[in-house]
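The primary structure of each chain is shown beneath.
Protein chains: 2
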Amino acid sequence: MGNNSTALPLVLLAEQFARLPGIGMKSAQRLAYHVMSMTDKEAQDFADAIIRAHSTIKSCAECQNLTEDELCPVCADELRDHSTICVVETPKDISAFERTNEYKGVYHVLHGLISPLDGITPDKIRLKELLARIQKGGVEEVIMATNPTVEGEATAMYISKLLKPLGVKVTRLAFGLPVGGTLEYADEVTLFKALENRNEI
Amino acid sequence: MGNNSTALPLVLLAEQFARLPGIGMKSAQRLAYHVMSMTDKEAQDFADAIIRAHSTIKSCAECQNLTEDELCPVCADELRDHSTICVVETPKDISAFERTNEYKGVYHVLHGLISPLDGITPDKIRLKELLARIQKGGVEEVIMATNPTVEGEATAMYISKLLKPLGVKVTRLAFGLPVGGTLEYADEVTLFKALENRNEI
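Protein chains in written order, with our numbering: chain F, 26 to 226; chain S, 26 to 226.
These are calculated hints, taken from the structure and not from any lab test.
Be aware that a few hints might be false.
Treat identical chains as interchangeable: a pair holds within one or across any two.
Unchecked claim - Dumping the calculated DSBU-like pairs for lysine-lysine here, alpha-carbon to alpha-carbon at most 35 Å:
#1 Lys194 / Lys83
#2 Lys51 / Lys117
#3 Lys189 / Lys66
#4 Lys51 / Lys129
#5 Lys153 / Lys66
#6 Lys51 / Lys66
#7 Lys66 / Lys186
#8 Lys149 / Lys66
#9 Lys189 / Lys149
#10 Lys66 / Lys83
Just chain F, with the same shape it has in the complex (with noise of 0.2 Å):
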């Protein structure tokens, strides 16, 4: 790359590239060789699905969810149970809890987590929209389903501790085996979890 070999509107390209999460530059260099050989139509069309998604996609008013319109469909969506909120990080967890085609009520979407090692403190996340749905009246239960990571486990308890003087049941994903997964792969703390949390059968 960079040599005066390649042209440099590919170089660019390339450089585009790998600025994206997961892309290193030879992965970069190899995509930008493939728009080369897409027709110009085809390269028109990635150019605008870039443009059209960047500028016509914004916050749900109520969930924070990623949506063309005023709400998204969740929201707007008069059958979901409006009294539960499943609370998650970012807009792709949404698409996980759907595709169970089991949770029927509403989310939202707080786009980060606490972390103040690297200076995302609670003002920084949309915890304040959160509040206010829930000060709004008729919310009854809010389930953390944040990560379980330091920083996932560390914002359930800011936020549960936030809410619970609010008279509102806030509730935590369980831990325990991966379905369809063994004991014998399982980390200790994940045994230990789903022990601890044992059911009567």
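Given chain F's structure and the hints, the job is docking chain S onto it.
Only chain S this time, still in chain F's reference frame:
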């Protein structure tokens, strides 16, 4: 993807990413969400880089490498040895040779390999352009630097048989390259050894 919790432009963008080589639907979704987190300028720059690279880059009139100008920097360079042509499959391969800093000749990009089973007959690659360069005179050696795969070998053999009657020396990269591998991932030393030990075929 595609469920009603995800905004349509985001799904379309993810589909665009998923069309790129080596990017699955899961990665494509992650990349699409990443574009959402870009600033307006970053997204615009990304889209512009695609269009600019695609619209301004054409084939070098001499060696068929991708370039912005009539001639690529290598062909336009008077200090390069224009009597030695290194024949490669793709423009990427040139970058690999240039990184060795050892090769002083020029190149010819075939933009493909002969593969009758895939419908790629000799007229589908930039072979007549190579013949025209040799018929113009002044070329002493043609180094076949196609990948050490079945198609690469077959193409090297086909071209060597075509060129020998024209009184030009045809050589092949030495098998310092791991058989079954690709030029793109060869390290500089291996590539230099392969260049140094090239044999007449």
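Against the structure, the hints come out as follows:
1. Lys194 / Lys83: Within one copy only: 30 Å inside, 63 Å across.
2. Lys51 / Lys117: Result: close both inside a copy and across copies, 27 Å intra and 10 Å inter.
3. Lys189 / Lys66: Result: close neither inside a copy nor across copies, 55 Å intra and 42 Å inter.
4. Lys51 / Lys129: Answer is between; shortest inter-copy Cα gap is 24 Å, intra-copy 43 Å.
5. Lys153 / Lys66: Result: close only across copies, 28 Å inter versus 44 Å intra.
6. Lys51 / Lys66: This pair counts as both: shortest intra-copy Cα distance 26 Å, inter-copy 25 Å.
7. Lys66 / Lys186: neither (53 Å within a copy, 39 Å between copies)
8. Lys149 / Lys66: Result: close only across copies, 22 Å inter versus 40 Å intra.
9. Lys189 / Lys149: This pair counts as within: shortest intra-copy Cα distance 21 Å, inter-copy 70 Å.
10. Lys66 / Lys83: both (27 Å within a copy, 16 Å between copies)
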